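The primary structure of each chain is shown beneath.
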Amino acid sequence: MLFTEKEREIYFMETEIQIKGLCKNFGKKQALQSVDLTIGPGMFGLLGPNGAGKTTLMRVLATLLPKSAGEVRVCGVPVEHAAEIRKMTGYLPQDFSMYGNMSACEALDYLAVLSGIPKAERKKKVPEMLEKVNLLEQKNIRVKAMSGGMKRRLGIAQAIIHDPRVIIVDEPTAGLDPEERVRFRNLLCEIARERIVLLSTHIVGDIEATCEEIAVLNHGEVVFRGTVESLLKLVENKVYSAEVSARELDGLKERFIVTGILNRGSTAAVRIIAESMPLAEAKSCSADVEDAYMFLMHSISATPVQKGSEQA
Amino acid sequence: MGALFLKECRKIAKSLVYYVYLVAFVLFITGQMSEVEWVDRLSEPQPGQESYGYGYSSDERVIMQSGLETLFQELLSNRFATYPFGFYKEVTLNEEEQEVLKRAMQQCTGMEFEQMAEENVAYWTEVYRMGAEESAAEYSEAEMWHLPLRENLSYEEFEQVMEKAYEIVGSGSYYEKSSYEKRGIAALTYEDALEHYRELCEEDRVSGAQMRLFCDYACIFLAILPIFVGVSACLKDKRAKAAELIRSRSVSGAALIGCRYLANVVMCFVPVLLCALLMQMPCVYAAGQAGIKADVLAFAKYSFLWLLPVIMVVLGAAFFLTEATETILAIPVLLAWAFGSVFSAATLTGDFGWKLVTRWNTFGSYGRYAEELEQLYRNKGMYMALAVILVLLTVAVYEKKRRKGEMLYGKLRKNNS
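Residue numbers (this note's numbering), protein chains in the order written: chain A, 1124 to 1435; chain B, 798 to 1214.
Worth flagging that the hints you see were computed from the coordinates, not collected in a lab.
If you're wondering where the values come from, they're calculated on a predicted model, not measured in any experiment.
A couple of the hints might just be wrong.
To be verified - Okay, the calculated bits of chain B under chain A, using three or more residues with CB under 8 Å as the criterion:
1. 800-808
2. 1038-1051
What the hints assert, rightly or not - A partial selection of chain B residues facing chain A, derived with a Cβ cut-off under 8 Å:
3. Lys811
4. Lys1197
5. Arg1200
6. Lys1201
For glycine and all other residues, C-beta sits at the position ideal for the given N, C-alpha and C.
Given the sequences, and given the hints that come with them, work out the whole structure.
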């Protein structure tokens, strides 16, 4: 689906998720604390450790959980209008599964019926979507016989079959082998050209490979909101590599953030994040998102969160 | 809606539980509806026959005999069967209460209670002496021991005794007027038998009587078997770990639950209807051979009236309890309801009340059925209405869980974010 600039402007006019002061409590536990986010078209990455509140946020957006406080609008529609939100969102839950005795084709068709797609359209769209996710040849394979990767691909097909403007994808690459993961990420990028794809993950590599815009959640709070580049800026000139003796490793780990260790017998090649040159023999090297994420998480656990222009 | 309904039907047709339901139902019903000697059943009674069988009678003398003999037997063992709220409860009387009823019986028979007991024991001792209890069946009616009633015993006197017994034994006992008046059993006379035959040919048109008998057996199974189909259907999303995914679709809870429920009702009812049709065929054929025009639609009339409401309410309750608790709690609860209803039946013919399992374990007796038809309509209408209410409640529970992400009783979903 290719748009002219004008069509794109009209189509994406309201293609935005606005979250203001969102709180979600489970009893006394605060799963989300005053979350503010604006998410526009394209891939948006939601990063954070396990238990950070990513799935809770996704469930709130997918109308599967009510918010405790705040305001959430999906493409201009308040999240309280669940029926309308469901029409415009596609959701791929963390542990996507369907009835084991249904074939890929049947499962997709059933979910398309649940999205109110008429028969004639389903007849066209089901094979189209299966082809898109490279499952057409395996359309008769039963869900219970599918590999993890095949299931996720079926999951993405069901999430886009009703042509939603927002796709919510929760930890889609967990448990996939590297090849499947890359294939799946590419697929997400492809479909994000036309809509918002909100990708939640704790796998930094997924974010690095697919997202321009990201937010980092920790203990229910947004601790960073910005572009991948701005996240990388946090560790600019702070990443070093060095060859150290194995005996020095423990000391290094105590003093610095060590993001990589490659053992080479009595020595080890290490990757260190430090404010200044950590060792005389260390060499400055280019930072990646994982370094930046580790630095961010380390700094917020060491000190209260510094809210700056980029850090939320 | 139509597409979703068909998809739900297909889902059920692929489930193992449904096949177990089908096989169990067919086996049960064919086992119960054994082969019938249609020639005997459809032959007109002739004067001078040795016996015309037994039947319910509205003759006051017969009602008095049956009522007092029941009181005598229960008093003798001091075990009184009662069915308060439809469930069986045994009542035992203290000596003072027993004495009151024994005196009442003495008034009706003119004999000491102990003397009656001795005669009864002597009769049964003789029966056992003859070898086995079955030999009692060989006794002709004249040889059977009956409680000797006073010649001039009036119906009013009898009613007073029954009222006294009802006061002492309690509600749900045999001694309620509505109960004992319908249970007078007596040997049929030629005229009675002829009237029964006329009813069978003209009112029931043979197949009606056969279908009531079919409904009697089928009703028992249908109070039990659909429980499993319903619970399985409701837990399918959870078992497949697809509940959250399905809740996120745009389909409304009413459409989803409504289609699922309807699909279950149809898939449970269609085989019953087919079985009824098949079981009716020999009957229609035999009636045709005997020159009687059978009612070919009786299978549908009786199945829709008698069995569909049972399937509806059982599935409705199974849906509601399963959706509300996300457990198999519906199985023990509904099994208790079904078995309670079956075992609480004080009679196997009629007396429908508000029982889930409505019995008619006899071939014919249209006259009595016609008298109780209104009660049957009320019963079935109430259960259909209850089924609709349960489905609406299920929709409400589903929508609540969908929006709140929690169980009905407030348990929070595991937050694995």
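Cross-check of the supplied hints:
no.	hint	verdict
1	800-808	holds (count 4)
2	1038-1051	holds (count 11)
3	Lys811	holds, 6 Å
4	Lys1197	violated, 10 Å
5	Arg1200	holds, 6 Å
6	Lys1201	holds, 6 Å
Hint 4 from the earlier list is the only one contradicted by this structure; the remaining hints agree with it.
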